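Participant: Listed here are the chains, written in short residue letters.
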Amino acid sequence: DAGVIQSPRHEVTEMGQEVTLRCKPISGHNSLFWYRQTMMRGLELLIYFNNNVPIDDSGMPEDRFSAKMPNASFSTLKIQPSEPRDSAVYFCASSLAATNEKLFFGSGTQLSVL
Amino acid sequence: QKEVEQDPGPLSVPEGAIVSLNCTYSNSAFQYFMWYRQYSRKGPELLMYTYSSGNKEDGRFTAQVDKSSKYISLFIRDSQPSDSATYLCANDMRFGAGTRLTVKP
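These protein sequence lines are chains Z and H, in that order. Note that the working numbering has the first sequence beginning at 1, numbered continuously upward. Note that the working numbering has the second sequence beginning at 1, numbered continuously upward.
Just chain Z, same shape as in the assembly (with noise of 0.2 Å):
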């Protein structure tokens, strides 16, 4: 299996332009998160889905993150605008259940607003 896989890995815009990042989970899993890291506030869980419905989004921090889960092997997490203090590293993983499961992540992107 390939693992889940994120694009791109690296991603440098400017403030108010609109970015969006996507994910690709494991094939079979039926949830799929979606995480931010800073060294100010470590892993952050921003919003999970389950079978493809959101379950949770009380980590989005504001009206500006939009994430989608169009179909079980695919989910993008959009930022519009994008603002300096977005920049960090956002983590896809999936999971076979939503809740007490061993969650595999991608690697990442690093996302830099300038």
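Incorrect hints may have been included.
What the hints assert, rightly or not - What the simulated footprint calls covered on chain H by chain Z, stretch by stretch (three residues with Cβ under 8 Å from a Cβ of chain Z suffice, anywhere in the stretch; the number is not a length): (1) 30-36; (2) 44-52; (3) 92-103.
Claimed, not checked - In silico DSSO-like cross-links for lysine-lysine, where the CA-CA straight-line distance does not exceed 30 Å: (4) Z:LYS68 with Z:LYS78; (5) H:LYS42 with Z:LYS78; (6) Z:LYS68 with H:LYS42; (7) Z:LYS24 with H:LYS42.
Hints are computed from structural coordinates only; laboratory data are not their basis. Please read these numbers as outputs of a predicted model, since none were measured by experiment. All C-beta atoms in this analysis are idealised placements derived from N, C-alpha and C, irrespective of residue type, glycine included.
Starting from the known structure of chain Z, fit chain H onto it as the hints suggest.
Facilitator: Frame of chain Z, contents of chain H only:
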């Protein structure tokens, strides 16, 4: 208060030392506990997965859960330079801050 609290370190030890990493958690409903290891510029990977109180051993690694004090620990015996990484404790989908460990040859 974060649901999972972890001292971010950093922690530096000589090769061969025993390493102790610790976390506390606040929600008594937590039943499953995990330790993840994250190398630089990589995503976290699952290292240990435990349920209920007690110890679980896997090679040089031992995970310990004390539900009475809401305390979870990871011990690394005979630490190696290749163990240098950030170690994150987790419950369910919530993570501690991670402890950065360096094992010096």
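Participant: Taking the hints in turn, state whether each one holds.
Facilitator: Taking the hints in turn, this is what the structure says about them:
Check result for the stretch 30-36 of chain H against chain Z: holds, 4 residues qualifying (beta carbon to beta carbon below 8 Å, three or more required). Look at the stretch 44-52 of chain H against chain Z: 4 of its residues bring a Cβ nearer than 8 Å to a Cβ of that chain, three or more, so the hint holds. With 7 residues having a Cβ less than 8 Å from any Cβ of chain Z, the stretch 92-103 of chain H passes the three-residue criterion, so the hint holds. Restraint check for Z:LYS68 and Z:LYS78: satisfied, since their Cα atoms lie roughly 8 Å apart, inside the 30 Å limit.
About 22 Å separates the Cα atoms of H:LYS42 and Z:LYS78, which keeps this hinted pair within 30 Å; it holds. Annotation: proposed proximity of Z:LYS68 to H:LYS42 holds, straight-line Cα distance about 24 Å (limit 30 Å). Distance hint between Z:LYS24 and H:LYS42 is fulfilled; the C-alpha atoms sit about 17 Å from each other, no more than 30 Å.
Every hint, counting from the list given before, is met by this structure.
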